[in-house]
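> These are the residues of each chain, in order.
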Amino acid sequence: AQSVTQLGSHVSVSEGALVLLRCNYSSSVPPYLFWYVQYPNQGLQLLLKYTSAATLVKGINGFEAEFKKSETSFHLTKPSAHMSDAAEYFCAVAPGGGYQKVTFGTGTKLQVIP
Amino acid sequence: SQTIHQWPATLVQPVGSPLSLECTVEGTSNPNLYWYRQAAGRGLQLLFYSVGIGQISSEVPQNLSASRPQDRQFILSSKKLLLSDSGFYLCAWKVPGDTGELFFGEGSRLTVL
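Chains as they are written, first to last, in the working numbering: chain A, 1051 to 1164; chain B, 2 to 114.
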């Protein structure tokens, strides 16, 4: 079984401030972990993924995430928020090794204040 | 390159009416196909997935069904819609056995009145 918990359904940051979106996972096998972004009334697109290689993963648009097995966490960060980062972000987990099913968290809406 | 199309983009249906949402993938063969529903505050709920023609796995008992009549076509249906079926439906595909990402369509917003 696998699950993810995203802490905070809404996060507000000032433009230029650090973005930190939290994700904790549960998986009975070594997981693959993903962050997706969704803009209003659109599908999801991949920001970054962890698939058992480097624990610090860099993605698009300046985002990165660190896999911490001891904390079962995969938090998403960006050093400096931009207005265009305002969107909903989803953490997701899948069992490693050619997965079929992906389980998503409930999402975090990021608001960027000018 | 691969593309995924969903239609219709928006649908308003009365309670008790039937539903058919279609999803087609182009530029790949034998993809894994998925239907998710997104409701406010509940994230993405996996409804159905398919690893091949005629092979459907249902994740949640509900008023919906799915079919895969062709390799790259995935259809979500209902015989009689309920108010609770309202939501944003997303189709997605991935390469079988791959560690990579899901590729999502643009979504279909269903409102049941």
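One or more of the hints may lead you astray.
Unchecked claim - Restraint-style ranges between C-beta atoms, simulated for each label pair:
no. : chain 1 : residue 1 : chain 2 : residue 2 : range
1   : A       : K1108     : B       : L84       : 37 to 45 Å
2   : B       : D99       : A       : A1104     : 16 to 24 Å
3   : B       : Q74       : A       : E1065     : 37 to 45 Å
4   : A       : S1078     : B       : R43       : 43 to 51 Å
5   : A       : S1064     : B       : N31       : 28 to 36 Å
6   : A       : L1068     : B       : V16       : 17 to 25 Å
7   : A       : E1116     : B       : V16       : 30 to 38 Å
8   : B       : L84       : A       : S1059     : 34 to 42 Å
9   : B       : P15       : A       : P1129     : 25 to 33 Å
10  : B       : P70       : A       : N1091     : 25 to 33 Å
11  : A       : K1108     : B       : L114      : 44 to 52 Å
12  : B       : T11       : A       : P1129     : 35 to 43 Å
13  : B       : K80       : A       : L1068     : 23 to 31 Å
14  : A       : E1065     : B       : P70       : 46 to 54 Å
If you're looking for bench data, these hints aren't it; they were derived computationally from the structure.
Here a beta-carbon is modelled for each residue, glycine too, at the ideal position from N, C-alpha and C.
> Are the hints correct? Go through all of them and say.
For each hint, the structure was consulted:
no.: 1; hint: A:K1108 - B:L84: 37 to 45 Å; in the structure: holds (44 Å)
no.: 2; hint: B:D99 - A:A1104: 16 to 24 Å; in the structure: holds (19 Å)
no.: 3; hint: B:Q74 - A:E1065: 37 to 45 Å; in the structure: holds (44 Å)
no.: 4; hint: A:S1078 - B:R43: 43 to 51 Å; in the structure: violated (23 Å)
no.: 5; hint: A:S1064 - B:N31: 28 to 36 Å; in the structure: violated (47 Å)
no.: 6; hint: A:L1068 - B:V16: 17 to 25 Å; in the structure: violated (47 Å)
no.: 7; hint: A:E1116 - B:V16: 30 to 38 Å; in the structure: violated (47 Å)
no.: 8; hint: B:L84 - A:S1059: 34 to 42 Å; in the structure: violated (23 Å)
no.: 9; hint: B:P15 - A:P1129: 25 to 33 Å; in the structure: violated (50 Å)
no.: 10; hint: B:P70 - A:N1091: 25 to 33 Å; in the structure: holds (28 Å)
no.: 11; hint: A:K1108 - B:L114: 44 to 52 Å; in the structure: holds (45 Å)
no.: 12; hint: B:T11 - A:P1129: 35 to 43 Å; in the structure: holds (38 Å)
no.: 13; hint: B:K80 - A:L1068: 23 to 31 Å; in the structure: violated (50 Å)
no.: 14; hint: A:E1065 - B:P70: 46 to 54 Å; in the structure: holds (49 Å)
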